[in-house]
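Undergrad: Given next are the chains, with one letter for each unit.
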Amino acid sequence: MADRDAPPRWDRKMQQRLARGEAAALGELYDRFSSLVHALAYRVLSDEHAADSITREVFAHAWENPDAYDPRQGPLRSWIATLTHRLAVRRLRQTEAAALAEGGPGSAEEVERRVRRASVAARADYIVTAMPAPLRAALDLAYVQRRDYRQAAADLDVTEDEARRRLRLGLQLLATAHDSGPSEAPDDGGGR
Amino acid sequence: MSDADHFGAYDGDDGEEKGDAQAAHGEHAESEGEHRGPVGAQGNGPPGQDGVDGVDGPAGPDGGGSAGGSPGRDGGHGPQRPGGDSKGPGSRQEPGGPLPIPMPRSSVEDTGLPLPDPPPAPLLLEHRVLQSLLGAWALAACSPEETAAVEDHLGLCGACADEALRLREAVGLLHKPESLDLDPRLRCRVLEGCLERRPPRIPVPDWAVPYDAEAARLDALLQDFGDAEWHAPVRLHWFERDKATSRRTTVAKVIAHLLAVDGLVAVALGLDDPLGDITAHAQTPAGRTEAFWREAHFPHTRSVRGPWREQSHNLVRTVSFAGGRSGQLSVPYGDFELPLRDAMLDRAFECWMHAGDIADAVDYPYEPPAPRQLHRIIELGARKLSHTLAARRQAGLAGPGRARHLVPAGAPGRSLRLEIEGSGGGEWLIPLDSPGALASADLEVAHVALDGVEFCRLAAGHVSPLEAAAGQNGDREAIRDVLFAAASLSRM
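Those sequence lines, one after another, are chains D and Z.
Counting along the first sequence from 1, when you hit position 135 you're at 135 in the working numbering, and nothing is skipped either side.
Heads up: take any position in the second sequence, counting from 1, add 192, and you land on the working numbering.
Hints in this document: simulated from the structure, not taken from any laboratory.
These numbers were taken from a predicted model, which means no experiment stands behind them.
It cannot be assumed that every hint is accurate.
To be verified - Residues from chain Z that face chain D, not an exhaustive set, calculated with beta carbons under 8 Å:
1. E361
2. V363
3. R379
4. H505
Said to hold, decoys possible - The following label-pair restraints were derived from C-beta to C-beta distances:
5. Z:G515 x D:D47: 38 to 46 Å
6. Z:R575 x D:D47: 40 to 48 Å
7. D:D47 x Z:E502: 29 to 37 Å
The beta carbon of each residue, even a glycine, is placed where N, CA and C say it ideally should be.
The task is simple: from the sequences and hints, build the whole structure.
TA: This is the structure in structure tokens:
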């Protein structure tokens, strides 16, 4: 993912270009973040059409409110991810609540639990994409490729100590997905 | 650092905390660079590190948090560990749910006496090592002996038990990557929707939209390519002197080819030449490509994707600023020239065709462009046909037809009706006797009907003029000339 290491300068210029009304900038924004946006939305909503629709909303919001993003507050990538997360969680809550109101099965508490679970899952996905590549590579070897940490160390050409450290640190980062944040709460949907 | 000391001390927990902190600081010193990532990721990503859960993970948030300069967290919570520990795992459980990990704490610690020797175990590991194994343990990535040692330890050490639980839960959040391909048509819909809601002050000219869309589609195709795909063999096909020609190359080199030829447009717009100091004998598409393949300072690998994509974005951006009227600007192709608007359509066409070559090579499906873009590309081909016909006639490659003299410019001449079927298609009357002649329905001598994609494959030299699936009616020589002229539009 080349874009993870993009300098903040890119973010700042992108924000200026969007504010200036440059259609080409919108295309570049889409090219850089659409897979992230779509994957996160899909992770929350488990529905491709709904994820498409959230993708539309996210880019429309960024295009119509370029000043809502303040480069001093952090990378554009995480702003986009936060926005996506919030819009998707809100959509899920609405959909589920509507289904419940129409006499669907379950209770309000169950809906809240499902929403929370989906929200945590999406945040975890984002943490994985945003974590440093060496940690992600170690987790991938251990989890997806079922290598033990000694094999992972050999694969990564690092010491066994280092492999253990990466696995532990990677999981520690991932565990923070359980920590609830503001994007969890229903709100006005503005791009914070 | 001796862990025995910590265990031996009255406040075992406090000792452990110190151990943690030291271990953590050691890590930071080792790899500052890496820690900047997690801190940034935490601070900006999932907001709300200040949630209640955020502080009771023993080392989780601390690992990144202390690097960001919040020592208060460790210090503040150290003394409260015993209480925090007992609540920690429980608070995350469903009420009444089973605890996957035995509750920590043994009463021995509260007696103030030294801890007894650990039960005889095949593996004796220091606390520091056991703790470092927690991630691997949670992922079931240690040896059976280590697993047993860690699990024994969890019964004795509250901090580790708490962290172990947290890491195990984190493993539950991992999942195998799903190959969920983003529908490439979504880009168009999303962008159009946005531009309707807020019209752009600097739009992308209509004639540059197909290039923008095709470059984005190709880039999406390349996104998940591994090294094997980048080096997969690709065969390029085109027509040269009315003969099918082909050449074997690789995916990476096809992208290098696109980069080199797009560079013609870049140079015409005053952007940097991607060839840099490499001099091509001929500033033609083939000449530049050969030189780039031969003399690039780096082997053509996946690393070519970045520069290609950056240039394609720059082209779209630059023509947007130059505005729609810049479409008349001339782009030299070595032995011919195209106005910028046609050059951008030509590049869109090449991008699509080569994306198709690449997709074939790695056995991926690849759709034709959206109808509106396809129509513009076909329209360019149809327009080029009459010029190409005239040039071929001069070169003796096409029959002179029934009119032995050129029809004066502006006068009606014999015409062929080219009917392109399918979405993006249309009808064009191709003047046969001179590019300046007015195509005339009254003087229609032949009719060719082709599917749009088939026509493009013909014009790209991917299918022979004799084999193209074309409905034909009328003057056979005229039809043959037009089909061969279409194939001759192709080049490497």
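Undergrad: State for each hint whether it applies.
TA: Okay, the hints, checked on the actual structure:
For E361 of chain Z, the interface hint holds, the least distance from its beta-carbon to any beta-carbon of chain D being 7 Å, beneath 8 Å. About 7 Å separates the beta-carbon of V363 of chain Z from the nearest beta-carbon of chain D, less than 8 Å, and the hint is met. At a threshold of 8 Å, the smallest CB-CB gap from R379 of chain Z to chain D is about 6 Å, leaving the interface hint in force. Below 8 Å, beta-carbon pairs count as interface contacts, and H505 of chain Z has one with chain D at about 5 Å; its hint therefore holds.
Under the hint 38 to 46 Å, the C-beta atoms of G515 of chain Z and D47 of chain D, about 41 Å apart, fit the expected range. R575 of chain Z and D47 of chain D have their C-beta atoms about 44 Å apart, which keeps the hinted 40 to 48 Å range intact. In this structure, D47 of chain D and E502 of chain Z meet the distance hint of 29 to 37 Å, their C-beta atoms being roughly 34 Å apart.
Consistency with the previously given hints is maintained throughout, with no hint failing.
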